[in-house]
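Asker: Protein chains in written order, with my numbering: chain A, 1 to 341; chain B, 1 to 345.
Hints listed in this document are in silico derivations from the structure and should not be mistaken for laboratory results. There may be inaccurate statements among the hints.
Pair ranges (Cβ atoms, derived) [what the hints assert, rightly or not]:
#1 A:Ser67 x B:Glu140: 42 to 48 Å
#2 A:Thr294 x B:Glu29: 55 to 61 Å
#3 A:Pro283 x B:Gln293: 49 to 55 Å
#4 B:Lys44 x A:Leu86: 38 to 44 Å
#5 A:Ser67 x B:Asp95: 40 to 46 Å
#6 A:Asp291 x B:Lys44: 53 to 59 Å
Derived list of chain A stretches under chain B, where covered just means 3 residues or more per stretch with a C-beta under 8 Å from a C-beta of chain B [claimed, not checked]:
#7 79-86
#8 184-198
Positions of the beta carbon are idealized from the N, C-alpha and C atoms, including for glycine.
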Amino acid sequence: MTAPPSDRPLLSVEDLAVSFDTDGGTLRALDGVSFDVPAGRAVALVGESGSGKSVTAQAILRILPESNARIDRGRVTFAGTDLLTLPERAMRRVRGGRIGIVFQEPLSSLNPVYPVGFQIAEAVRLHRDVSRSQARARAVELLRKVGFPSPEERLDAYPHELSGGMRQRVMIAIALACDPALLVADEPTSALDATVAAQLLALLDELRRERGMSLLFISHDLDAIGHLCDEVVVLYAGQVVETGHAARVLDAPRHPYTRARLASAPPRISPGRRADRAARRLPTIEGSPPDLRTVPVGCRFRARCPDAVAACIDAPPMVDLGDGARSRCGLAVAADARAAP
Amino acid sequence: MSEPAPHPSDAPPAEATAPRRAPQLVQVEGLAKFFPVSRGPFRKTAFVHAVEDVTLYVRRGETLGLVGESGSGKSTLGRVILRLVEPTLGRVIFDGVDLTRLREADLRAARRRMQIVFQDPLSSLNPRLQVGEIVGEGLEIFRLASGRAEREAMVAAVLDEVGLPRAAMARYPHELSGGQRQRVGIARALAVRPDFLVCDEPVSALDVSVQAQILNLLSDLQDDRGLSLLFISHDLRVVEHMAHRTAVMYLGRIVEMGPTPDLAEKRLHPYTRALFTAVPTRGGGVRALNVLQGEPPSALDPPPGCAFHPRCPKAEPGRCDVEIPPLRELVGGSHHRVACWHPEA
Numbered sequence: 001m002t003a004p005p006s007d008r009p010l011l012s013v014e015d016l017a018v019s020f021d022t023d024g025g026t027l028r029a030l031d032g033v034s035f036d037v038p039a040g041r042a043v044a045l046v047g048e049s050g051s052g053k054s055v056t057a058q059a060i061l062r063i064l065p066e067s068n069a070r071i072d073r074g075r076v077t078f079a080g081t082d083l084l085t086l087p088e089r090a091m092r093r094v095r096g097g098r099i100g101i102v103f104q105e106p107l108s109s110l111n112p113v114y115p116v117g118f119q120i121a122e123a124v125r126l127h128r129d130v131s132r133s134q135a136r137a138r139a140v141e142l143l144r145k146v147g148f149p150s151p152e153e154r155l156d157a158y159p160h161e162l163s164g165g166m167r168q169r170v171m172i173a174i175a176l177a178c179d180p181a182l183l184v185a186d187e188p189t190s191a192l193d194a195t196v197a198a199q200l201l202a203l204l205d206e207l208r209r210e211r212g213m214s215l216l217f218i219s220h221d222l223d224a225i226g227h228l229c230d231e232v233v234v235l236y237a238g239q240v241v242e243t244g245h246a247a248r249v250l251d252a253p254r255h256p257y258t259r260a261r262l263a264s265a266p267p268r269i270s271p272g273r274r275a276d277r278a279a280r281r282l283p284t285i286e287g288s289p290p291d292l293r294t295v296p297v298g299c300r301f302r303a304r305c306p307d308a309v310a311a312c313i314d315a316p317p318m319v320d321l322g323d324g325a326r327s328r329c330g331l332a333v334a335a336d337a338r339a340a341p
Numbered sequence: 001m002s003e004p005a006p007h008p009s010d011a012p013p014a015e016a017t018a019p020r021r022a023p024q025l026v027q028v029e030g031l032a033k034f035f036p037v038s039r040g041p042f043r044k045t046a047f048v049h050a051v052e053d054v055t056l057y058v059r060r061g062e063t064l065g066l067v068g069e070s071g072s073g074k075s076t077l078g079r080v081i082l083r084l085v086e087p088t089l090g091r092v093i094f095d096g097v098d099l100t101r102l103r104e105a106d107l108r109a110a111r112r113r114m115q116i117v118f119q120d121p122l123s124s125l126n127p128r129l130q131v132g133e134i135v136g137e138g139l140e141i142f143r144l145a146s147g148r149a150e151r152e153a154m155v156a157a158v159l160d161e162v163g164l165p166r167a168a169m170a171r172y173p174h175e176l177s178g179g180q181r182q183r184v185g186i187a188r189a190l191a192v193r194p195d196f197l198v199c200d201e202p203v204s205a206l207d208v209s210v211q212a213q214i215l216n217l218l219s220d221l222q223d224d225r226g227l228s229l230l231f232i233s234h235d236l237r238v239v240e241h242m243a244h245r246t247a248v249m250y251l252g253r254i255v256e257m258g259p260t261p262d263l264a265e266k267r268l269h270p271y272t273r274a275l276f277t278a279v280p281t282r283g284g285g286v287r288a289l290n291v292l293q294g295e296p297p298s299a300l301d302p303p304p305g306c307a308f309h310p311r312c313p314k315a316e317p318g319r320c321d322v323e324i325p326p327l328r329e330l331v332g333g334s335h336h337r338v339a340c341w342h343p344e345a
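Isolated chain B (complex conformation) (with noise of 0.2 Å):
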C-alpha cells in the first residue's frame, strides 16, 4: 500500500501541470454552517455564522491552502466539508457525489477517502491505544486487510512511509515526541488510502525545526499519492510555502482566492494585506509592520455589509457597510476572486 500512486510515464512532471488542469475532486457550492447559541432563558437563540456562502474547489493533486485568524471558520469550513458537522446549507460533491444528501450509511464509502489530521495529535490519538492500533483501526473498520499479519504488515508500511520505525507500533502515544505523534495522526489518516486530506494546523503545535519535518512529510505524500490537501493554518507563511491556490478567510468567508504566487504578489483584499505586512520579517522595524486597527468582530454579531469594512482603511460609508460584495473575479480567467468594493488595484 505504500506503493506510489501510478503516474503517466510519458507525462511532464506530475507537480508541474497536474493541479492547474487536473479535474476537480471536491466540490464546494453555497456551504453555510450556523451554530445556534442560548443567550439566556428570555432571549431569543442567536445563531454564529461560523461559515456562510463558501463555494471552492480542490482539484486531484492540489494543495488548497485555507489562512485566516481564529475565528474565521476555516476550521469549521475543514469539518463541514467532510460532514463531521453538518452543514446548514449548501452542498459539498466529492468525486461526483453530492455528500450533503447521503444517508449517513451510504457516506461510510466516501469517508474513508477523506480524512483529516488535526492540530494537536496528543489530543486527538487516544491516549490508551498502541500506535500499531491507531493506524491499523482503520484499515479494521473499513476491512482492508484480510488479516491480522495482513493488517500488521500495512501498517508497518504506513509507518515507513511517514518516518517511523517499525518498533514504533507498540508505543503509546505519550511516549512519542510532538513531531512523533503528529506522524502517527498522518499515518492513521494515510492508512485507508484517502483521495483528500484535511490538514487542520498540522504544524501549529510543532517548533520550528520539527515543523520543516512534518512539511517536508506532507509535500511529499502529495507526490507520491497524488493526494489533494485542504491545508489550514492561521500561519500565512506555511500556507504561502504549501499551497498551490490560496484562500483567505474572514469572519466566515472567503473574501480573497487565486493561485498562490498571484495572491501574494497583488493582494487584493486589504485583509489579505494586512495579514501579509503583520508578518514579521527579519530586518524591518516594528513602524514597518502594517498594524491593523482593532480585532475581528464577533460572529454573532457581524457588521452589516461588508465583514471587515469596521477595521479597513479603504471603506467606503454608504456601499461597504451595507452591500455584501460578492467573490468576483476582477480579471476573466485569472481565477483570481476577491470579495471587496475597492480592491487593491
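Bound-form chain A, shown alone (with noise of 0.2 Å):
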C-alpha cells in the first residue's frame, strides 16, 4: 500500500449499511453512514448506545459477528484499498498493522496466560520480520512509550497484575506495535476512573500528535471528544445526523437530536444544588430511540424531536451547512435559509 495523497482522505465510509438477524427479526444497525477519516486528524464517532458507533468500527475492521450480522452495501476505503472486498488474509495484515485497535475492556482483549511483554513481541512478529529479541526490545520501547516508568521489570507482568489503566496502556501499546497509520480506539476509557481516563486521553493525543496518526475515537463522551478531536459525527439510531468541526458541533450544534444530547447533561460546575425546584430540572429527550426492528418512517427522531413538524414524515436528506457541516434535519436548513440573506 502506498500512502495516499493528501487530498484524499485516509479512511472513508460511503453509504454503509449493516443488518443482524435476530430472535424479533431483521434489526438495521446502520443504514447509510458516510464519513471520512483526513489523514493526520482525529475524529470522534459519538451516539448512545444502540447508535451504530461500534458497529461502525467492527465493520471496517469487519470483525462483526459472524453468525447473524451482514453488510447489506456501502464501502469502506482505507488508504486507497476497498476493505470490505480485500481477502481475509490481507485483511488481517491490515488489523493490527496500519490499523491499530484499542477496545474498552482491555482484560478480555488481553490473552490472560501470557506476560505483557510477550503479547506485545508478537504483535510486532506478527506485522514484522525480526527476532524474537529485536521484537523484545521493541516491547520494552512501547511499554516506555506509554507510560510505564520501569518497562524492563513489567515485561513479564501478567494482565491480572496490572491496573486496569495499565493494562489500557499495554492495550495502546499493541496497537501501536507497527506504527499504525489509524488509530480505532473505541471506548477507551470508559472502563476507567476519572484521574486514570485523564492520563490515557492525553497520552492518546499526545501519541496521535507525535505521530501523525489519525484516529477514529469512539465515545458516549461528548465532553472528551472535545479535547481530543477535531471533527465529529453524531450517530443516530444508525444513520449519521450530523458532522462538523467538534468545537462548532459542540458549541453550535444544528440538529435538534445533538442538541437535545448536549443539553442533558449536568452542567459543569454549577452552583451547587440550585434552591430553585424548576432550575435543577435537566433538559431530557422524552422517550427512547426507535426499534431498528421496524425502521420508522421519515426522520428518526421525529418522535422525540421537540421542533418536529408535518414534514419530517419525509426521509430528511442529509444537508450540506458548508465549511464541513453537515445535518440530517430540514429543519437547520430553513432556519439557515432564513439566517442568510
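Put the two chains together into one complex, using the hints given.
Answerer: Put into C-alpha cells, the structure is as follows:
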C-alpha cells in the first residue's frame, strides 16, 4: 500500500449498511453511514448505546459477529484499498498492522495466560520480520512510550497483575506495535476512573500528534471528544445526523438531537444544588430511540423531537451547511436560509 | 401513598432552607469495615480496609453526595450504613436509634425506612417476577397493605409516581428499557415509604439523555416526600448537580466534605482538585486536563500516613507519609472539612 494523496481521506466510509438477524426479526443497525477520516486528523464517532457507533468500527475492521451480522451495502476505503472486498488473509495484515485497535475492556482483549511483554512482542512479530530479541526490545520501547516507568520489570507481568489503566496502556502499546496510520479506539476510557481516564486521553493525544497518526475515537462522552478530536460524527438510530468541526458541533449544534443531547448533561461547575426546583431540572429527551427492527418512517428522531413538524414524515436528506458541516434535518436548512440574507 | 409529605404551609420553600437546618436523620460515627482476604494456605490472613473511620451525617430532606473512584469504599460505606454489610467498628444512628446494636429482629422496622437503589436494575430485579410483584413485595413483607386490592392500588400509585404506566405491572424486567427498569428499582424502594434512600450509582448504566430523566425524578421525589438521600457516584458532575453537601472518598476515608458549592469552588484537598480538573469540559485542551500521576493504591496495602501522598504534588516527606491527617474544619462553622496537612488555600 502506498501513502494516500494528501487531498484524499485516509479512511472513507460510504453508504454503509449493516443488519443483524435477531429473534424479533432483522435489525438494521446501520443505514447509509458515510464519513471520512482525513490523514493525521482525529475524528470522533459519538452516539448513545444502540446508535451504531461500535457496529461501524466492527464493520470497518470486519470483525462483526459472523453468525448473525451482515454488511448489506457500502464501501470502506482505507489508503486507497477497498477493505470490504479484501481477502481475509490480507485483512489480517491490515488489522493490527496499518490500523491499530484499542477496545474498552483491556482485560478481555488481552490473553490472560501470557505475560504482557510477550503479547506486545508477538504483535510486532506478526507484522514484521524481526527476531525474538528485536521484538522484545521493541516491546520495552513501546511500554516506555505508553508511560511505564520501568518497562523492563513489567515485561513479565501478567494482565491480571496490572491495574485497569496499566492494562489499557498495554493495549495501546500493542496497537502501536506496527506504527499504524490509523488508530481505532472504541470507548477506550469508559471503564476507567476519572483521573486515570484523563491520563489515557492525554497519552492518546500526545501519541497521535507525535506520529501524525489518524484517530477514529468512538465515545458516548461528548465532552471527552472536545479535548481530543478535530471533527465529530454524531450517530442516531443507525444514521449520521450531524458532522462538523468538533468545537462547532459542541458549541452550536445544528441537529435537534445533538442539541438536546448536549443540554441533558448536568452543567459543569453548577453552583451546587439550586434551591429553585425549576432551575434544577435537567432538560431531557423524552422517550427512547426507535426499535431498529421496524425502521421508522421519515426522520428517526421525529417522535422525540421538540421541533418536529408535519414535513418530518419525509426522510430528511443530509444537508450540506458549508465549512464541512452537515445535518440530517430539514429544519436546519430552513433556519440557515432564514439567517442568511 | 403517593401523597406528598406534609410541608408546613407557612414555612418558606422547603428546599431553600430545610436541609441546612433540618434535624439529622442519619449519623455515622467512626465507621469501619475490614474484609478478610486469604493470601494462600501458609500466609497470614490480610484485611482490606474498605472503609476506615468515617464520620458523617445526613439531614432530613437532604442529599449527601459521595464521590470517589472505584475501590474508594463508597459502595461499601452505603451498604454498611444500611447494615446490609456488618460494620467492623463504629456506630450508625438512624433517627436516634443505634442500628449497630440492634438484633436482626429489631432491625426489621428500621429496614423499611431505609432503602437502596442499585446501579444495574437488570441484575438487582428478580427476572422471574413481574413488575407488580417486585414493587409489591416489600408491601407484603412489612404488611403495609390490608389485602390484594389495596396492595395493587398502592403499587399502581407508586408506579405512577415514578412515571410508569399501570400496564407495566404485568411486564417482566427484561421487557423494559434501561431507564424504565431503573424506574422500577426506584418504585420498589419507594413502595414501603422510606425516609432514607441510598442511591448507589443509580444512573451510571444509563445513556445521558435517560440519566437526566432519572435525576429529575429523584429530585422531584425528594421534594415531594422530604426524602434524605445518600447519592453515591463516581461521576463528579452528577453528584455536583444532585447533592446539597458532598463527601469525597479516597481509599476508604473521607478526605473532604462540605456544602457542594463551597467544595466545588475551594477544592481544599489536592485529590478533590485533581478530580475536578480530570473531568473534561467542552473546548478545553487535553493538556489543560490535570493529569494526576499514578493510580489509586491497593486498599490491601495502603500507604502509611495520608493514603494520597504517593500521588500528591504537595506531599511533605516526614509528615504526609507518616501521620494520617484528621478531617478538620479550617474555618469554624463552615461545615467544610478537609483531611490534609497542606490544604489548598
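Asker: State for each hint whether it applies.
Answerer: Hints, verified against the model:
1. A:Ser67 x B:Glu140: 42 to 48 Å: Holds, at about 44 Å.
2. A:Thr294 x B:Glu29: 55 to 61 Å: The hint (55 to 61 Å, Cβ to Cβ) holds, given that threonine 294 of chain A and glutamate 29 of chain B are roughly 57 Å apart.
3. A:Pro283 x B:Gln293: 49 to 55 Å: 37 Å, violated
4. B:Lys44 x A:Leu86: 38 to 44 Å: Hint violated: Cβ distance 58 Å, outside 38 to 44 Å.
5. A:Ser67 x B:Asp95: 40 to 46 Å: Violated, since serine 67 of chain A and aspartate 95 of chain B (Cβ atoms, about 56 Å apart) do not stay within the stated range.
6. A:Asp291 x B:Lys44: 53 to 59 Å: 56 Å, holds
7. 79-86: violated (count 0)
8. 184-198: It holds: at least three residues are needed, and the region 184-198 of chain A offers 6 whose Cβ sits within less than 8 Å of chain B.
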